[in-house]
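Protein sequences, first through last, are from chains A and B. In terms of numbering that gives the first Met the number 0, the first sequence is residues 0 to 321. In terms of numbering that gives the first Met the number 0, the second sequence is residues 0 to 297.
Covered, in the sense of this in silico footprint (three residues per stretch, anywhere, with C-beta under 8 Å from a C-beta of chain B), are these stretches of chain A:
id	segment
1	0-7
2	92-102
3	106-117
4	310-321
If you are wondering where the hints come from, they were derived from the structure by calculation, not from laboratory data. Even for Gly, the Cβ is constructed at its ideal location relative to N, Cα and C.
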Amino acid sequence: MLWLAWRQHRLQFLAVAAVLAALAVYLIHITLPMVGPTRLYQTCVTLDTDAACEPWNEIWSRFVGERSDLTQVIALANVLPGLAGAFWGAPLIAREFERGTHRLAWTQGVTRLRWLTVKLVVLACAAVLGGTAQAVLMTWVADNWRINQTINRFNDRILFDAVGVVPPALWLFSVALGTAVGLVIRRTTAAMAVTLAALALVLIGLNFARPHYATPATRVPVYGQEGRDMYRITEEWRQGYLIRDRDGKAISSWEANALCPAMTGADEAVRDCLIGQGGQMLERYQPADRFARFQWTENGILLAGTVLIGGLTIGRLRRRAD
Amino acid sequence: MSSPALQTQLLSKRYRRVWALRDCSLTVAPGRVVALVGPNGAGKTTLLHAAAGLLTPTSGTVRVFAEVPGTPPALSTVAFVAQDKPLYDSFTVAQLVRMARGLNRQWDRALAARRLAALEIPLRRRAGRLSGGQQSQVAFTLAVAKRPRLLLLDEPLANLDPLARTDFMRELMGTVAANGTTVVLSSHAISDLVGTCDWLVVLNRGQVQVSGDIDELLGAHHALSGPAADRLPDTVAVITRTESGRQAHHLVRGTAPVADPRWTSRPVGLEELVLGYLREPDAAALPGPALTTIEGGG
Chain A
0 MLWLAWRQHR
10 LQFLAVAAVL
20 AALAVYLIHI
30 TLPMVGPTRL
40 YQTCVTLDTD
50 AACEPWNEIW
60 SRFVGERSDL
70 TQVIALANVL
80 PGLAGAFWGA
90 PLIAREFERG
100 THRLAWTQGV
110 TRLRWLTVKL
120 VVLACAAVLG
130 GTAQAVLMTW
140 VADNWRINQT
150 INRFNDRILF
160 DAVGVVPPAL
170 WLFSVALGTA
180 VGLVIRRTTA
190 AMAVTLAALA
200 LVLIGLNFAR
210 PHYATPATRV
220 PVYGQEGRDM
230 YRITEEWRQG
240 YLIRDRDGKA
250 ISSWEANALC
260 PAMTGADEAV
270 RDCLIGQGGQ
280 MLERYQPADR
290 FARFQWTENG
300 ILLAGTVLIG
310 GLTIGRLRRR
320 AD
Chain B
0 MSSPALQTQL
10 LSKRYRRVWA
20 LRDCSLTVAP
30 GRVVALVGPN
40 GAGKTTLLHA
50 AAGLLTPTSG
60 TVRVFAEVPG
70 TPPALSTVAF
80 VAQDKPLYDS
90 FTVAQLVRMA
100 RGLNRQWDRA
110 LAARRLAALE
120 IPLRRRAGRL
130 SGGQQSQVAF
140 TLAVAKRPRL
150 LLLDEPLANL
160 DPLARTDFMR
170 ELMGTVAANG
180 TTVVLSSHAI
190 SDLVGTCDWL
200 VVLNRGQVQV
210 SGDIDELLGA
220 HHALSGPAAD
230 RLPDTVAVIT
240 RTESGRQAHH
250 LVRGTAPVAD
260 PRWTSRPVGL
270 EELVLGYLRE
280 PDAAALPGPA
290 LTTIEGGG
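Generate coordinates for the entire structure from the input sequences, incorporating the hints supplied.
Here is the structure:
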């Protein structure tokens with residue numbers, strides 16, 4: 000049965016592995032030159048002395064805004080779990096029905112339950128492997144590119160799902176989703192397309208849900224950092240402002256601008272003007288150290304979804320073959 | 000007495016609004032070679048799929064050697080070859096054999112090797128590149144090498160040429176006769192089944208119309224021809240009547256002779272018998288319980 004699973008899916012495994020490898024080669028190629036500078040940056044922020052920061056001070060400005068299109072390249076990484084769902088999950092059952100080979104496979108000495116369980120376990124192992132490889136790669140890329148100050152894995156909707164502990168769960172979820180879609184639709188090509196569309200919807204849904212994983216922290220916004228703090232890059236997630244007038248009523252930054260005219264809306268002068276009037280201006284944000292908590296939350300949601308969808312699929316196929 | 004190889008009780012299957020099988024009750028004793036015949040859409044495939052565990056009945060029950068189809072004991076005793084002889088096209092013949100060997104507890108390695116060699120099927124060729132006849136033969140080999148007690152074949156002769164059909168039937172029967180395997184095979188081509196099958200099941204519009212030992216059925220029916228203007232006595236059980244010119248032809252059940260010398264009586268062939276019943280789907284000629292219950296053994 001293990002041999003059968005490998006024999007039937009090896010091409011799809013290799014295809015997805017090839018895409019992952021091609022992406023890896025490209026990303027490693029463009030990221031390797033950033034490894035040295037990143038090390039200088041880390042030395043600076045770790046030791047936090049003028050001497051340690053000297054080399055970094057000289058070069059940091061060169062990298063600001065460098066390859067600011069990189070997030071789009073990184074977005075490609077999020078196609079990978081989609082490919083796993085479309086090429087591994089969707090055909091698993093759909094192709095058997097489409098070709099009529101389920102009548103061969105399910106009339107051998109092995110029950111459908113066992114047939115599906117073994118296949119899903121094999122695909123799940125491959126998904127965890129692929130997802131982990133993607134996570135390691137993308138985390139390394141994000142670590143070495145944040146010195147361009149546009150890479151922020153916490154507030155970037157797409158990068159968030161491409162790094163850390165989320166990818167293995169996302170791959171697993173995608174494979175489970177594809178398998179379930181294949182059981183319902185039973186045409187390989189259609190099932191693949193629907194899997195990709197459904198996964199996109201789930202990711203969009205997660206993006207809407209993500210800000211609510213934790214109540215944002217607030218702080219009085221600080222403008223213009225001094226000294227070495229200027230170089231310190233924090234990957235925190237800024238979620239906008241909480242502005243109140245002197246009566247404590249929440250107002251928009253447009254209304255704030257009306258109260259404190261000639262200002263641009265939410266900058267230092269508005270802050271001081273509002274506070275001077277007895278109002279309040281706070282910035283809402285998720286501190287960088289909450290990143291892991293957010294990632295595990297998303298991971299948990301995806302794993303719960305995987306178990307639910309996988310369980311329904313197994314139950315349905317075990318009960319009936321038609 | 001051992002349990003029936005295949006038994007259905009009031010088996011029904013509905014696809015949306017269409018009944019593919021309706022209240023189908025059938026018993027097949029072990030060792031029988033059953034011809035399952037009927038027009039397209041009569042429910043032959045549905046019945047075989049139900050026995051193979053590939054579909055869930057809407058109502059009624061189906062058992063193979065008293066086990067529920069699709070459960071481990073049933074899977075290990077039943078082999079099924081679907082109508083389109085499905086194989087994984089990208090697998091070589093050797094890989095298909097390896098797959099089936101791995102998926103079945105019982106596997107006659109020598110039988111599979113011998114059969115494939117005798118048929119000169121190249122083991123290294125991908126299934127998708129075999130001829131239709133060779134694909135069928137590979138599918139049958141996978142089924143018989145499992146050494147099933149019940150072999151279900153859906154239209155096994157469909158994509159074989161006439162010569163291959165005869166060879167196939169003879170060879171198949173040789174393979175299964177040695178093991179006492181029960182065979183249920185469906186076909187439109189009734190003439191191909193003569194001489195190999197010993198039990199007839201006629202399915203029509205999702206219902207069992209005839210189920211009986213072929214020799215007994217043939218012995219119990221005959222054809223009567225006579226003047227179309229005459230009426231047959233009421234004691235004769237007419238199943239169908241067709242007219243050609245001034246002659247009327249009847250398929251009748253029972254052996255009651257007609258005294259009138261203008262009537263001639265002759266034995267019927269299997270095809271004639273089946274067609275006679277199929278022409279009259281609601282016939283009162285539906286065989287009674289006497290024909291559907293059978294004595295054990297074959």
